[in-house]
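Enquirer: Sequence:
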Amino acid sequence: MAFIADDEWTIEAGIPVTTVTRTLLDLAAILQLHELNRALERAEALRLSDATPLVALITRYAGRPGTGKLRAALEQGPLRAVITKSELERRFLTFVDKAGLPRPEANVWLQIAGEWIEVDCVWSQQRVIVELDSRAYHQTGAAFERDRKRDRRLQAARWRPVRITDRALREEPHALAADVLALLRAPAARAPPA
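Counting in the numbering used here, the sequence shown runs from 1 upward without gaps.
No lab work stands behind these hints, which were simulated from the structure alone.
Owing to the predicted nature of the structure, the values given are computational and were not obtained by experimental measurement.
A hint or two may mislead.
Unchecked claim - Here are the simulated DMTMM-like pairs of lysine to aspartate or glutamate, each with C-alpha atoms no more than 20 Å apart in a straight line:
| id | residue 1 | residue 2 |
| --- | --- | --- |
| 1 | K98 | D179 |
| 2 | K98 | E35 |
| 3 | K69 | E44 |
| 4 | K149 | E131 |
| 5 | K98 | E41 |
| 6 | K149 | E172 |
| 7 | K98 | E171 |
| 8 | K69 | D26 |
| 9 | K98 | E75 |
| 10 | K149 | E115 |
| 11 | K69 | E35 |
| 12 | K98 | D151 |
| 13 | K69 | E87 |
| 14 | K69 | D97 |
| 15 | K98 | E172 |
| 16 | K98 | E87 |
| 17 | K98 | E131 |
| 18 | K149 | E118 |
Claimed, not checked - Cβ pair distances, simulated, as ranges:
| id | residue 1 | residue 2 | range |
| --- | --- | --- | --- |
| 19 | A182 | E145 | 54 to 60 Å |
| 20 | A182 | A156 | 19 to 25 Å |
| 21 | A157 | R71 | 37 to 43 Å |
| 22 | F144 | A178 | 25 to 31 Å |
| 23 | T10 | L169 | 34 to 40 Å |
| 24 | H34 | I112 | 27 to 33 Å |
| 25 | V17 | T59 | 38 to 44 Å |
| 26 | D147 | R91 | 18 to 24 Å |
For glycine and all other residues, C-beta sits at the position ideal for the given N, C-alpha and C.
Please put together the full structure from these sequences, using the hints given.
Expert: Structure representation (structure tokens):
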């Protein structure tokens with residue numbers, strides 16, 4: 001591996017491979033920024049690190065394709081791992097990134113009137129919640145009733161829950177982005193007293 005510095009490769013199960021940081025540098029040349037952010041988040045969530053940090057590789061390969069994009073991703077602030085539970089959640093977060101919307105927290109537990117409720121995505125400061133609904137999990141009568149009860153309880157606690165479907169993500173992304181942005185820009189109601 002003469003074309004790769006010694007601190008940029010290792011041996012795994014007897015196979016020479018690039019280190020995590022070198023792999024991320026290589027990916028930066030071919031991925032879009034939102035995809036690179038997802039790769040960085042996954043590396044952080046899996047606690048993958050190397051002796052040679054990314055900033056060292058960015059300096060080492062200053063003129064290489066992708067280093068500017070990698071620098072931009074790192075300068076966006078501390079990385080925050082977002083663990084998703086479904087493909088629909090992953091697609092929604094990709095949609096958020098592409099639309100230039102602020103990143104929500106995913107799969108957050110909120111205590112509402114003494115009951116713990118897990119929500120799919122939340123912007124806490126704006127008190128906006130996005131619930132991602134697929135027919136597979138939300139088409140039964142029991143699910144329909146449960147979803148309405150959750151929405152009612154969240155609204156009573158001055159949250160703004162919004163249900164988004166897979167179809168809306170696919171067929172009306174521009175209108176959906178405008179709607180979510182409008183919700184995030186609207187004045188948030190104050191939380192009720194505890």
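Enquirer: Next step is simple, just say for each hint if it's right about the structure.
Expert: Consistency of the hints with the structure:
1. K98 <-> D179: Satisfied, since the Cα-Cα distance of roughly 15 Å is no more than 20 Å.
2. K98 <-> E35: holds, 9 Å
3. K69 <-> E44: holds, 18 Å
4. K149 <-> E131: holds, 13 Å
5. K98 <-> E41: Distance ~16 Å between K98 and E41 Cα, so the pair holds.
6. K149 <-> E172: violated, 27 Å
7. K98 <-> E171: Answer holds: K98 to E171 is near 15 Å, not above 20 Å.
8. K69 <-> D26: Status holds; Cα separation ~11 Å.
9. K98 <-> E75: holds, 18 Å
10. K149 <-> E115: holds, 12 Å
11. K69 <-> E35: The given pair, whose Cα atoms are some 11 Å apart, holds under the 20 Å limit.
12. K98 <-> D151: Not satisfied, since the Cα-Cα distance of roughly 27 Å exceeds 20 Å.
13. K69 <-> E87: The given pair, whose Cα atoms are some 26 Å apart, is violated under the 20 Å limit.
14. K69 <-> D97: holds, 14 Å
15. K98 <-> E172: holds, 14 Å
16. K98 <-> E87: OK: K98 and E87 at ~16 Å, within 20 Å.
17. K98 <-> E131: Measuring from Cα to Cα gives roughly 19 Å; hence the hint holds.
18. K149 <-> E118: holds, 13 Å
19. A182 <-> E145: 54 to 60 Å: With a Cβ separation near 29 Å, A182 and E145 fall outside 54 to 60 Å, so the hint is violated.
20. A182 <-> A156: 19 to 25 Å: holds, 22 Å
21. A157 <-> R71: 37 to 43 Å: Holds, at about 41 Å.
22. F144 <-> A178: 25 to 31 Å: holds, 27 Å
23. T10 <-> L169: 34 to 40 Å: holds, 39 Å
24. H34 <-> I112: 27 to 33 Å: holds, 31 Å
25. V17 <-> T59: 38 to 44 Å: Given about 23 Å between the Cβ atoms, the range is violated.
26. D147 <-> R91: 18 to 24 Å: Since the Cβ atoms of D147 and R91 sit about 20 Å apart, the hinted range of 18 to 24 Å holds.
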